[in-house]
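Student: Please construct the entire structure, taking both the sequences and the accompanying hints into account.
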Amino acid sequence: MAERKCTLSVLVENTPGALARIAGLFSGRGFNIDSLCVAETLDPTLSHLTLVTRGDDQIIEQIIKQLRRLIDVYKVVDVTEEGDYVEREMALIKVRAEKENREEIMRICEIFRCKIVDVSPKTYVVEVTGDQNKLQAVIDLLKPMGIKEIVRTGTIAMKREKKTA
Amino acid sequence: MGKVMTGARMIVEALKREGVEVIFGYPGGAVIDIYDELYKTEGIHHVLVRHEQGAAHAADGFARSTGRVGVALVTSGPGATNTVTGIATAYMDSIPIVVLTGQVPTKLIGNDAFQEVDTTGITRPITKHNFLVKKIEDLPRILKAAFYIAKTGRPGPVVVDLPKDVQQAKGEFDYPEEIHLRSYNPVYEPHMRQIERAYQLLEKAERPVFLIGGGVISSGAAPEVLELAERLNLPVTMTLMGLGGFPGDHHQSLGMLGMHGTYYANMAVANCDVLLAVGARFDDRVTGRVDAFAPMAKIIHIDIDPTSIQKNVKVDVPIVGDCKRSLQRLLEVVKEVGQPKKYWQERFKDWWEQIEIWRKRYPLSYKYDPNVIKPQFVIEKLYEMTKGEAIIATEVGQNQMWAAQFYKFKKPRTLITSGGLGTMGFGFPAAIGAQMGNPEKLVIDIAGDGSIQMNIQEMATAMQERLPIKVIILNNGYLGMVRQWQELFYERRYSQVSMAVQPDFVKLAEAYGAFGMRITKPEEVEPALKKILEMNTLCVLDVIIAPEEGVFPMVPAGKATTEMILV
Ligand SMILES: Cc1ncc(C[n+]2csc(CCOP(=O)(O)OP(=O)(O)O)c2C)c(N)n1
Ligand SMILES: [Mg+2]
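Residue numbers (our numbering), protein chains in the order written: chain A, 26 to 190; chain B, 341 to 907.
These are computed hints drawn from the structure, not numbers from a lab.
Cβ coordinates follow ideal geometry from the N, Cα and C atoms, glycine included.
Any given hint could be a false lead.
To give an idea of the chain A side of the interface with chain B (calculated C-beta under 10 Å), a few residues [said to hold, decoys possible]: (1) 36; (2) 41; (3) 42; (4) 49; (5) 96; (6) 115; (7) 119.
Computed spacing ranges between beta-carbons, pair by pair [what the hints assert, rightly or not]: (8) B:449 <-> A:128: 23 to 31 Å; (9) A:176 <-> B:510: 21 to 29 Å; (10) A:82 <-> B:510: 49 to 57 Å; (11) A:62 <-> B:475: 25 to 33 Å; (12) B:827 <-> A:176: 56 to 64 Å.
Tutor: Have a look at this one:
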């Protein structure tokens, strides 16, 4: 069976052990985690977690069921299942900004609508937001100039509402 | 407003509210406040074990044999770590126990304080859920939740870690009558559409098999299993955990399937066209090589845990629901359609003929030997003499498989065995728990000479409680099951399986104040069993058996279940 990428949106009780349980589930059962993002929700008793994983359909079904089985897990949605979703990730990229490169960097930033959020005599910090393809494109373009450091947030995702009634 | 009391008092009050009458435990610094409250309390009997592993297994044996939640109480650090094997054993077999562990005071947590371990961290993957109580205000609700989670849905062990300062703090005791957990909603009621699909498959089946597992026992579905099986004329086979879920002496019973299952059960499953599996999880010991398991069958799978379905085998009609309720619904459909009994008799006549051929070709058997005791003979005799009505705990290994094969369990909750984890040392403390829960019943531990030594210290516990448990050691002088694998698959290289030095089990029993007896000849079996069955004290019967007797049939690990090695 073909492997596919799967982005899960998970609501969990905001309790101390909850994240450890989820991480333990993945390591204990040999499932992959490509990225994991955790944050509060409007309801302070629940945390939201976006989890990107891979597997064939049977494995993904197991992952979802195993997550739901955890007592602290309130809701699991496979955002990728129906295909209609928005996905965003942010990266901060510290790139070497020698005189001869600065304009090129700024041009790339303009095209990809990135922001330069910190400037030092020799470096810029570029903030880029978008889906994984866009981030990869920016990283590839900046690489020749010398990337000193990258920090990425991991993916967050949301299902789109139906456009027609 | 609830009464103000200490955390320790709340724990004891909560136990009472949950109807707990017996707990198994071992004291220490981090639970001394709870023990102080127990001292002042009537109505909760505490069984002092000799090792905390024994407490967890005893709570487990109590739960398996009674259907009620078993409770263990231990101190922090080593007390808690000693229960780990017991908790994992209960987890693998979905047994409801609550383990209360002491913990260092909250302000010392994380400091490597004396007798501190991260109990919730250690037990997270082997519990259904666990809690660390940080505030006295949370305590009543957490205790309520612990019992609720342990016994509902797919049951399992729950650990509640109790810091000493929380036990000593005072708070209001408002014990909830009911509890609702928004993130935990087990599904009991099956989808009617799926039940109907299941029925349609059965109605058109030519070669059906009814496979039952431990879920039938835990949900109390044995009456429904019997009714459905008889009405539809279905052959029934059981997993190790399902034994007793259908009467083993019933003519429709094919006995156990899987690695040491009967020839006819494995052949029936391999050739069936519809497999109705209820409360079983298709463990590798049951399926053998998965792609060769029931290759022609449409599979209907009823289980309360959605993760069990589609995990190991591909299922055609998945039904998530309580086994008992689902079978009740299925029976409703059966009655509504109202096919006469004759329909099912006729329909499966050829299939039954085929099964009878298999049954006659290779019945469960062994070669009787007048000079040396065969273990199967001991179990057969025991079955006859107890009319199949005793509660049988087992250890792990050959002894366990012989018990499963030759004792025809008639009723649910009469076989107490570690199926999923296969824990040596489980049987004897579990028998203690079972005897505490069933004071009127005959409780027997069928043991191996290796396993019994893993928790033999509990003889003192049984004596202190005056429990008339009968321990029957099938003594082959070997770690027999491992030896059997070495014999069959490792060219008889018997690496580290000989128990060259053993205690004299008779003298050992006597040292504990119990009755001990040794037999070596077949003609001694019956009188010896008679003697111990009549005695009202802890008995250890050391049965010297044929040292290299094997368990057969056997499906080698990873082989198809039809590739059985027969006697
Ligand atoms: C705690 C534990 N350790 C090791 C094993 C592996 N094991 C399975 S069966 C067995 C031999 C058991 O020997 P004994 O109790 O004498 O039973 P027999 O097979 O001889 O009847 C062993 C070592 C186990 N199941 N549990
Ligand atoms: Mg042995």
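Student: Look at each hint and say if it fits the structure.
Tutor: Against the structure, the hints:
| no. | hint | verdict |
| --- | --- | --- |
| 1 | 36 | 8 Å, holds |
| 2 | 41 | 7 Å, holds |
| 3 | 42 | 6 Å, holds |
| 4 | 49 | 6 Å, holds |
| 5 | 96 | 4 Å, holds |
| 6 | 115 | 29 Å, violated |
| 7 | 119 | 35 Å, violated |
| 8 | B:449 <-> A:128: 23 to 31 Å | 56 Å, violated |
| 9 | A:176 <-> B:510: 21 to 29 Å | 48 Å, violated |
| 10 | A:82 <-> B:510: 49 to 57 Å | 54 Å, holds |
| 11 | A:62 <-> B:475: 25 to 33 Å | 29 Å, holds |
| 12 | B:827 <-> A:176: 56 to 64 Å | 59 Å, holds |
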